[in-house]
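Protein sequence lines, in the order shown, are assigned to chains A and B.
Under our numbering, the letters of the first sequence match residues 1 to 666, in that order.
Under our numbering, the letters of the second sequence match residues 1 to 186, in that order.
Don't take each hint at face value.
Here are the simulated lysine to any residue pairs, SDA-like style, with alpha carbons at most 20 Å apart [stated by the list, open to error]:
id : chain 1 : residue 1 : chain 2 : residue 2
1  : B       : 80        : A       : 539
2  : A       : 207       : B       : 92
3  : B       : 115       : A       : 250
4  : A       : 619       : B       : 115
5  : B       : 80        : B       : 92
6  : B       : 80        : A       : 213
7  : A       : 326       : A       : 250
8  : B       : 115       : A       : 664
9  : B       : 115       : A       : 38
Across the chosen pairs, the derived CB separations fall in these ranges [unchecked claim]:
id : chain 1 : residue 1 : chain 2 : residue 2 : range
10 : B       : 116       : A       : 288       : 46 to 56 Å
11 : A       : 583       : B       : 148       : 20 to 30 Å
12 : B       : 148       : A       : 596       : 42 to 52 Å
13 : B       : 182       : A       : 621       : 32 to 42 Å
14 : B       : 83        : A       : 355       : 41 to 51 Å
15 : B       : 54        : A       : 485       : 30 to 40 Å
Example chain A residues on the side facing chain B (calculated, C-beta under 10 Å, incomplete) [said to hold, decoys possible]:
id : residue
16 : 39
17 : 40
18 : 41
19 : 42
20 : 43
21 : 48
22 : 49
23 : 126
24 : 212
25 : 225
26 : 228
27 : 232
28 : 236
Because the hints were derived from the structure by calculation, they are not lab data.
None of these values were measured; they are calculated from a predicted model.
Heads up, the beta-carbon is just placed ideally off N, CA and C, and yes, glycines get one too.
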Amino acid sequence: MGGGNQHNTIIKHLLKGFVILTLGTLIFALPAVGTTRDVFDMSLEELMDIEVYGASKFRQKISEAPSSITVITADEIRKFGYRSLSDILKSVRGFQINYDRVYSFASIRGHSIASDYTNRVLILVDGHRVRDNIYEGVGLGTDFIIDIDLIDRVEVVRGPSASLYGDLAYLAVINIITRDGRNINGIEIMGLAGSHDTYKERLNYGKTFANGLDMVVSATHSRSKGQNLYFKEYDSPSTNFGVAHKCDGDKAVQLFTKLTFQDLVLEGAFVTRTKTDPTGAFETVFNVPLNKYGDEWGFMELKYEREFESGFSVMGRTSYNRYSYKGQYAYPGYLNKDLQIGEWWLGEVAGTKTFFDRHKISFGAEYQLNTRQDQDSFDEIPYTSYVHSRRTSQSWGVFGQDEFTIMKGLILNAGVRFDQSSFYHGTANPRIALIYNPYKQSTFKLIYGTAFRSPSAYEMFYQADGWKANPNLKPERIRNYEITYDQSLGGHYRLSGSVFDYKITKSIQQIIDRADGLAVFGNTGDITGRGFEIEAAGNWEQGYQGRLSYTYQEVKDSLTKSRIMNSARNLFKLNLISPIWKDFFFGGLEVQYTSDRKTVTDRKVGGFSVTNFTLFSQKLIKGFEISASIYNLFDTKYSDPTGNDHIQTAIPQDGRTFWFKITYGF
Amino acid sequence: MAFHRKIMVIYVVFLTFLASLVPAVFAQHPGIASEGEIKAAFIYNFIKFVEWPAHSFSTAGQHIVICILGQDGVTRALEKVSGKIAQGKTIRVKHIADPAEVAQFHALYIGQSEKDRARSIIKAIPKHVLTISDLQFFAASGGMINFYTEEKKISFVINLGAVERAGLKFSSQVLRLARIVKETGS
């Protein structure tokens, strides 16, 4: 299979689709313009009675949502110099990110199975599920489907939300809302240079046209040579004394387009990324730049969303999605390859209506048709096939939720969703939340919910040399109790706290079968997690803002009663933005502490703290935004635990690095 | 690959078909004005109910001129106010770059893009000019009329101190609908 050929084909298809759809939308929709009723004939009283259909559509006040929520804005992304979604999540209360020098894995609430491709957290882009149908995973670094600077805001919803989203809304849901053309308003050019020969260029175009059509087009290209890395496990003369020389390269292209016309949104996103693996994972030959992993995600979605005068809101969406993975692994004398291709269609409808002033009812249904879930593992010469799996499958879910205002200041939010798929039997998952506002500035939430994580096609059917399949895998389940408390103080300060208690059953993990020594995914045992979080946040005039949070969590294997691997007991995060000189210069400071964690061999890696600093300037020269960042300012040495794929039990992380970035908009 | 292409074609045809339904759906409903247009209509109403000193109209003849500084969702919609009649005079809209240029005119709308220099703009505005903006804290920091959204509906606050200092008067028809704010240290 020629790699370049496939890549071109999907780009061609995406482009073709966009062109046809754009033309279609324009040609058919233009005559509709001009039907606007003349608001200029209205009196002030009449104007004051019009409801605005804007960003608040389908939105909920954070204080009334049945979860604990954190929002990160584009402004913070710029002022903290965030490089990727994983950087953003590192700053969010309770999150822990692992990097194995190819993929980043996000976990929350201490439940972090290494190398799970973040398939216990659901990530949405503008409400669209971003995950593939092979690994059920998502990339969080240069392999994330959206360029970081296209993000308008990130909403992090903690706890299981399977009652609304079904599969994978397990420990948290992260919804990423992209910028509008109006917000970009013209052309934006970005150039970036960083340590270890890292370069990135981006071109954005965004505009709202007179007829109301809002358009965003964006392309990003990035590449990095990376570092020569030392791994003590390979410190012997035959493996270059542990140094992987020029084996850390990263190349990526991201494309994005969004057309919004009245209630219709057409959105497409695509990423292709190739990373060289310097770690010698899967017992490959160390210190050769031949171990390469290439991932591609793409989707194109049409969404219709409208709120009628009667207060009835509807949303419908349909999308085509594609994922491919090409892995190349060097063994003495031959190359082994993985080729996984997934294609799937998603359709969803949802509606919301308020009845009797007190019951806000939401309901909906979702369907996913996996037209392709291909997995191949083979040696090239001599040709040996380990797995040649061709699957198709489907899943569907229906949900309903009632937001019942019992009395002023007291809301009962109860919802349930039923899901079924070719890979698991029907499962119903509820969430019940009691939300109490005794005073305008205080909110208590009492939340109970369950969720499930279905086994992925990879976990069930993948085989390779030393690996075996397990088609009998069952979904993993979680049951979660949570109490949260939020208090605003004088408009400038906010205090939040939460206590949680969860239990996971049939935890899906990779194990080695003692009988044959083969690696296999199994439903291992139960895990219990308990902990609390506290956070203080402030927002002052002149642009000062800050967040300070502490998380304590104790996550144990029920059988051994000991802490699970990679789970840090204590997390501490500090984020501060301060104007330095008028509103020309801002400083963004971050400090993140993670306490010790266990490795897969039951040893410990030490706790560490990382400090990042960004100097950001926005209008020294008209149209220019300049930022300079230092990550890991004090060059702290630390390692992240990793799974069975590596000889290393922990992978050393980056020391001090620099980024310099210029954006010009006109 | 052939299968893949076929699906793509079907999909595109399907979506185009959906897109073609758009006008049909909208034809049945009165179009909805954008937020910017609604705010522009508010501004048109304010212009109707402000009393400028008589000498304000000596240089511009029989026009009431609204100046626009910067841009946002409202600024484009404001073009539509141009040519409308208020207080027996024709309204004109003019884009300016420097707040001092507003001296011989009547009203100034400051767009979101000027967020970072709003305070210095407010200080530079000459007398007899009605100032309006969608910027947060605009009225509290010396501006006159400030929009805000409450429960999906647009409302406005008026800083009476600033209105009086500028030598302008508002009709009670406007004042009774507004929330009146006091300034915080300027």
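Residue 80 of chain B and residue 213 of chain A: Cα distance at most 20 Å? holds (18 Å)
Would the hint on residue 41 of chain A be counted as holding, given a Cβ-Cβ threshold of 10 Å to chain B? Check passed: Cβ of residue 41 of chain A comes within 8 Å of chain B, closer than 10 Å.
Cut-off 10 Å, beta-carbon criterion: hint that residue 48 of chain A touches chain B: At 6 Å from the nearest chain B Cβ, residue 48 of chain A passes the 10 Å test, so the hint holds.
Within a Cα-Cα threshold of 20 Å, do residue 115 of chain B and residue 38 of chain A meet the stated pairing? violated (29 Å)
Minimum beta-carbon distance criterion (10 Å), residue 212 of chain A to chain B: holds (7 Å)
Is the straight-line distance between the alpha-carbon of residue 115 of chain B and that of residue 250 of chain A 20 Å or less? violated (38 Å)
Using 10 Å as the Cβ threshold, decide whether residue 39 of chain A counts as touching chain B. holds (4 Å)
Would the hint on residue 43 of chain A stand, with a C-beta cut-off of 10 Å toward chain B? Residue 43 of chain A check passes; min Cβ-Cβ to chain B is 7 Å, inside 10 Å.
Does residue 92 of chain B lie within 20 Å of residue 207 of chain A when you go C-alpha to C-alpha? violated (25 Å)
Does residue 92 of chain B lie within 20 Å of residue 80 of chain B when you go C-alpha to C-alpha? Judged against 20 Å, a Cα distance of about 10 Å means the pair holds.
In this structure, is the beta-carbon distance linking residue 54 of chain B and residue 485 of chain A contained in 30 to 40 Å? violated (60 Å)
Would the stated hint for residue 225 of chain A survive a check requiring a Cβ distance to chain B of less than 10 Å? violated (34 Å)
Figure legend: structure checked against the earlier numbered hints; hints not met, in rising order: 1, 2, 3, 9, 15, 23, 25, 26, 27, 28.
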